[in-house]
Amino acid sequence: FLAVVATNGALFIQKWPSSALTLTMGVAFVSAWCLWIPAAFIGLSGGTFPDGYMISGAVLGHAQAIVNPLLYGVWWRRSLLKHHTADGFKRGVKDSSALDVAA
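Under the numbering used here, the very last position in the sequence shown is 299; numbers go up by exactly one each time.
Hint data in this document are derived by calculation from the structure and do not stem from the laboratory.
Among the hints, erroneous ones may be present.
To be verified - Taking lysine to any residue pairs in the SDA-like style, the calculated list, with each CA pair at most 25 Å apart, reads: (1) Lys278 with Phe208; (2) Lys278 with Phe225; (3) Lys278 with Leu266; (4) Lys278 with Ile233; (5) Lys278 with Tyr268.
As the list claims (entries may be wrong) - Here are the simulated distance ranges between beta carbons: (6) Lys278 with Tyr249: 17 to 27 Å; (7) Ile209 with Gly248: 29 to 39 Å; (8) Gly269 with Ser227: 14 to 24 Å; (9) Val200 with Pro246: 19 to 29 Å; (10) Leu219 with Pro265: 11 to 21 Å; (11) Trp212 with Gly248: 16 to 26 Å; (12) Thr203 with Gly257: 36 to 46 Å; (13) Lys278 with Pro246: 17 to 27 Å; (14) Phe245 with Ala199: 22 to 32 Å; (15) Gly269 with Asp247: 14 to 24 Å.
Computed from a predicted structure; not experimentally measured.
All C-beta atoms, glycine included, are put in the ideal place defined by N, C-alpha and C.
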């Protein structure tokens with residue numbers, strides 16, 4: 197968890213691929229996992245969960261099924277191809293011509 201947050205922080209500071217996209221990647225990751233770390237301690241200690249805690253974690257976690265394909269499959273990939281325009285790089289990426297037309 198901390199490694200991913202630190203990596204996203206470093207990428208945000210270096211503005212790669214873009215600050216907004218890197219910040220969004222970090223927020224998406226933290227929103228999916230922030231409730232499960234305390235939940236592990238609550239569960240292992242035999243405590244009771246506050247009302248709505250588990251459903252909140254489920255909604256945030258399962259929302260990643262919508263967010264991640266858009267975030268990494270479309271926006272991050274488009275940004276990466278835009279910043280690395282060398283022909284050799286684009287030839288090695290499957291179907292990068294579709295992004296050139298869409299962008």
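A quick look at each hint next to the structure:
1. Lys278 with Phe208: 18 Å, holds
2. Lys278 with Phe225: Given pair Lys278, Phe225 holds - Cα atoms ~24 Å apart, limit 25 Å.
3. Lys278 with Leu266: With Cα atoms ~17 Å apart, Lys278 and Leu266 stay inside 25 Å; holds.
4. Lys278 with Ile233: 36 Å, violated
5. Lys278 with Tyr268: 14 Å, holds
6. Lys278 with Tyr249: 17 to 27 Å: With a Cβ separation near 41 Å, Lys278 and Tyr249 fall outside 17 to 27 Å, so the hint is violated.
7. Ile209 with Gly248: 29 to 39 Å: The hint (29 to 39 Å, Cβ to Cβ) holds, given that Ile209 and Gly248 are roughly 35 Å apart.
8. Gly269 with Ser227: 14 to 24 Å: For Gly269 and Ser227 the Cβ distance comes to about 18 Å; the hint holds.
9. Val200 with Pro246: 19 to 29 Å: For Pro246 against Val200, whose Cβ atoms are near 26 Å apart, the range 19 to 29 Å holds.
10. Leu219 with Pro265: 11 to 21 Å: 19 Å, holds
11. Trp212 with Gly248: 16 to 26 Å: 37 Å, violated
12. Thr203 with Gly257: 36 to 46 Å: 20 Å, violated
13. Lys278 with Pro246: 17 to 27 Å: Given a distance of about 44 Å, which is not inside 17 to 27 Å, the answer is violated.
14. Phe245 with Ala199: 22 to 32 Å: Hint holds: Cβ distance 27 Å, inside 22 to 32 Å.
15. Gly269 with Asp247: 14 to 24 Å: Once the Cβ atoms are compared, 35 Å apart, the range 14 to 24 Å for Asp247 and Gly269 is violated.
Going down the numbered hints, you'll see the structure goes against 4, 6, 11, 12, 13, 15, while the others check out.
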